[in-house]
Amino acid sequence: MFAAGRIAQFALLILFFVFTGLGIWLGRKGKKFEVRKLAALDALEEGVGRAAEMGRPVHFNPGWYSLDSVEAPQTVAALSVFDRLAHLCARYNVPVIVTLIRPDVIPVVDGLLRNAATAEGRPEIYKAENIRFLSPEQFAYFGGVAEIFAREKPATSVLMGGYMAYSLLVAELGYRYGAFQVAGTASWHQIPFFVAACDYSLIGEELFAAGAYLSKDATLLGGLFGQDVCKLTCVAYVVVATVLWLLGSDLFVKLLKI
Amino acid sequence: MGAREVLRTLERLDSRYLFVLVFIVTAFPLVFPLGIPVKISAPVQKSYDAIEALAPNSVVLIGDEFSAPSWTELGPSYIAVLKHLIRKNIRLVFVSFFSAEAPAAFDTMIKPRVDFAKLKYGVDFVELGFVAGGEAALASFASDIQRTLKVDRYGASLSELGLTKDLRITHFSLVVELDPGAHLSEYLRQLQAPYGLRHISITYGVTAPAYTPYLLAGQLSGMLVAIRGGAEYELLIKEPGVAVSGVDGVSTSHVLFAICLVAGSFLSLVNRLLSKEGKGK
Amino acid sequence: MSKVIRREIPLLLVSFSAILMILDYFFPVPVLSSSAKLTNEWVVVIAGFSLCLGATDLIIVNTRRIMRKTPGSGYALLIIISFLLTLLLGLSSPMTKHPAFQWIYDYFYRPPAGTLYGMLALYLVSAGWRAFKIRTFESVIMLVCAWFLIMANAPIAAVVWEGFPSIGKWIMDVPSAAGWRAFYIGAAIGTLALGLKVILGLERGALGE
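If you read the protein sequences in the order shown, they are chains A, B and C.
Just so we're aligned: the first sequence equals residues 1 to 258 in our numbering.
Just so we're aligned: the second sequence equals residues 1 to 281 in our numbering.
Just so we're aligned: the third sequence equals residues 1 to 209 in our numbering.
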């Protein structure tokens, strides 16, 4: 019935689905899940305050990936952060410039900024020309961002989402113009650059947790809890397998190959 | 200027001085080669051995995800591996799933530097071009090549080309994956895990540490990392080229970077201690 | 557009496709295999269309910029002209091999792309000078590991001391590999959770919600 060598994988898949589903169900039933403080998210308000004091705008970029790509969850998480940022900017009366690599994100960003400006009673914050699609080619995008930084000199730069090689270029650019920088990515090959070049970073799954943390969505928070249970299960399995291996048994290793 | 002022100024050194230093340190060995010996690393040796072990007329899949910006790090390795494969009379199938630019980059940067003259198109090598769809396209290609792609890059029917007429994924003896976009996981998921295809990756320095687990687990049979991997491979095939001439610059720039790392940390530590001492007084 | 067409039907399609692909992976049933293969082929076709969508968006957004005479609209005009010229030359026979297309690729695209990528080296050194600050015990460990890894990649280090490549290799093969394995497992679990939310119709990010 099963494809050869995939029974264990199927069993693990079902187990992880059960844990995650349970977490989502508990969240929807009203169970409160706490996500630990994420310093980068607290720093957003600090960054916007800084921009307000200096009379300069805030810059935001939601990353490289479009909403129809495999990495779309990173962009979605970035847009959750942008929602909060937009509210803060509207509250403090700070203009926000959004630079985009993917055109399909434009209507979502537009909607979020417009809603935030209206909700905070500052409709003048919303300016369509501040949402700038530059180029889908990363280095051409960087050229456009460099021109914007040179002209507008944003006081704060928030870089969230999936990134490619241009991440360090944009982060260093922000540093050179004295911007306060908050970044977050689950693109593992760019994480070190953000950690080195930015003031605050969200690493890996903290970006997805940020989306859940800010939106307070029960489904997302419950899903996070379920994922954590899955990870603990993996840790327990690895520990037991290692101990058994040291004692001369490869049972737990063979089990995974069934 | 007191010593403290000097140290503070150094800590806040304008980046442009560092840029000039990097330029000098990297360019110097290009003009005055240092001839630093390059030791062959295990992943590169494994890659070479994997290709050496191929029987003549084996078919190798080249996951050609090449692009213009990746020329400096991946280009020399790519060329050296292709030269080795051609020398061994290996038949090649080129395809890209993640880089729409790859066919154009191949035409302008790779083909002029590799001798394809003795190869017959359709028999010794085929270019399938770019297939949109990312990992889904890769999965579709793996399950049925002729159903996924009816024609090659030039519009010739795959059923009329000798190399691709009855080609199945299991006919490939090796996959050489160029990795500027960090898509090795997709290749391993769709080609190595279900079909057991051996893989070699030509990858950036920044992604190499992340691929070490695959190398250690045996999912990756070899890895060429950045220009140093290219230099090692050029030495192995005994055709030193661009990579060997540039690898001295790798040494000098790496040493500079290591010094900057330590010096920058040391300066910030000393300045912090001195300012605490100043406050204490 | 009604909510059913805009939201419910796409969610149903996604859930159905996800379940089909999962079942095909585990159960070698002919009807599942052929359906999964067909689905994958459709993805290839749809992905081809989405490339056109990206290009169309580029034209629309930049045309709007020109018509509204926003700051930088001159660049928008340049983008459209460059795009159309490159497209036409690329489609000219022989496709993507026209000398003018290759000339544009060689002299207009490659040099700036390579240059901007090369700037990463400069910015890396600048970030290394500025950003690595020894504040905690962990940062000292990170500095030491970074030192050995950098020296392991520099051929000159092996000439100075053989310990550099050996220690660097150990760091790559043991603690670094262990950390990356944990990262991969976490990422895989995250992907599974996402997959479940997709199947249950709870993940609506791709719909722009």
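I should point out that these hints are in silico values taken from the structure, not numbers from a laboratory.
Please read all numbers here as calculations on a predicted model, not as lab measurements.
All C-beta atoms, glycine included, are put in the ideal place defined by N, C-alpha and C.
Hints are not guaranteed to be accurate.
[Claimed, not checked] Once the Cα atoms are required to be at most 20 Å apart in a straight line, the calculated EDC-like pairs of lysine to aspartate or glutamate come out as:
1) C:Lys133 with B:Asp166
2) C:Lys97 with B:Asp107
3) C:Lys197 with A:Asp68
4) C:Lys37 with B:Asp166
5) B:Lys150 with C:Glu162
6) C:Lys97 with B:Asp115
7) C:Lys197 with A:Glu45
8) C:Lys133 with B:Asp144
[To be verified] So the derived label-pair ranges between C-beta atoms look like this:
9) C:Ile19 with A:Gly55: 45 to 55 Å
10) A:Gly49 with C:Arg68: 25 to 35 Å
11) C:Val140 with A:Val235: 40 to 50 Å
12) C:Val31 with A:Asp217: 48 to 58 Å
13) C:Phe26 with A:Trp25: 48 to 58 Å
14) A:Gly55 with C:Asp173: 43 to 53 Å
Results of checking the hints against the structure:
Restraint check: the Cα-Cα separation between Lys133 of chain C and Asp166 of chain B comes to about 59 Å, which exceeds 20 Å; the hinted pair is violated. Of the supplied pair hints, the one linking Lys97 of chain C and Asp107 of chain B holds, its CA atoms being roughly 8 Å apart against a limit of 20 Å. For the proposed pair Lys197 of chain C and Asp68 of chain A, the alpha carbon gap of about 16 Å is at most 20 Å, so the pair holds. Simply put, Lys37 of chain C and Asp166 of chain B have alpha-carbon atoms about 18 Å apart, close enough for the 20 Å limit, and the pair holds.
Taken as a hint, the Lys150 of chain B and Glu162 of chain C pair is broken in the structure, with Cα atoms around 53 Å apart against an allowance of 20 Å. Using a Cα cut-off of 20 Å, the hinted pair Lys97 of chain C and Asp115 of chain B holds, with the two alpha carbons roughly 18 Å apart. Our distance criterion of 20 Å between C-alpha atoms is broken by Lys197 of chain C and Glu45 of chain A, whose separation comes to about 31 Å. Our distance criterion of 20 Å between C-alpha atoms is broken by Lys133 of chain C and Asp144 of chain B, whose separation comes to about 53 Å.
Separation of Ile19 of chain C from Gly55 of chain A is about 54 Å and conforms to the stated range, judged on CB atoms against 45 to 55 Å. In this structure the supplied range 25 to 35 Å holds for Gly49 of chain A paired with Arg68 of chain C, their Cβ-Cβ distance being about 32 Å. In this structure the hint that Val140 of chain C and Val235 of chain A lie 40 to 50 Å apart at CB is violated, the actual value being about 27 Å. Under the hint 48 to 58 Å, the C-beta atoms of Val31 of chain C and Asp217 of chain A, about 37 Å apart, miss the expected range.
Between Phe26 of chain C and Trp25 of chain A the beta carbon distance is about 24 Å. The supplied range of 48 to 58 Å is therefore violated. As the Cβ distance of Gly55 of chain A to Asp173 of chain C is approximately 52 Å, the hint placing it in 43 to 53 Å holds.
Violation of the numbered hints given earlier is confined to hints 1, 5, 7, 8, 11, 12, 13; the remaining hints are satisfied by the structure.
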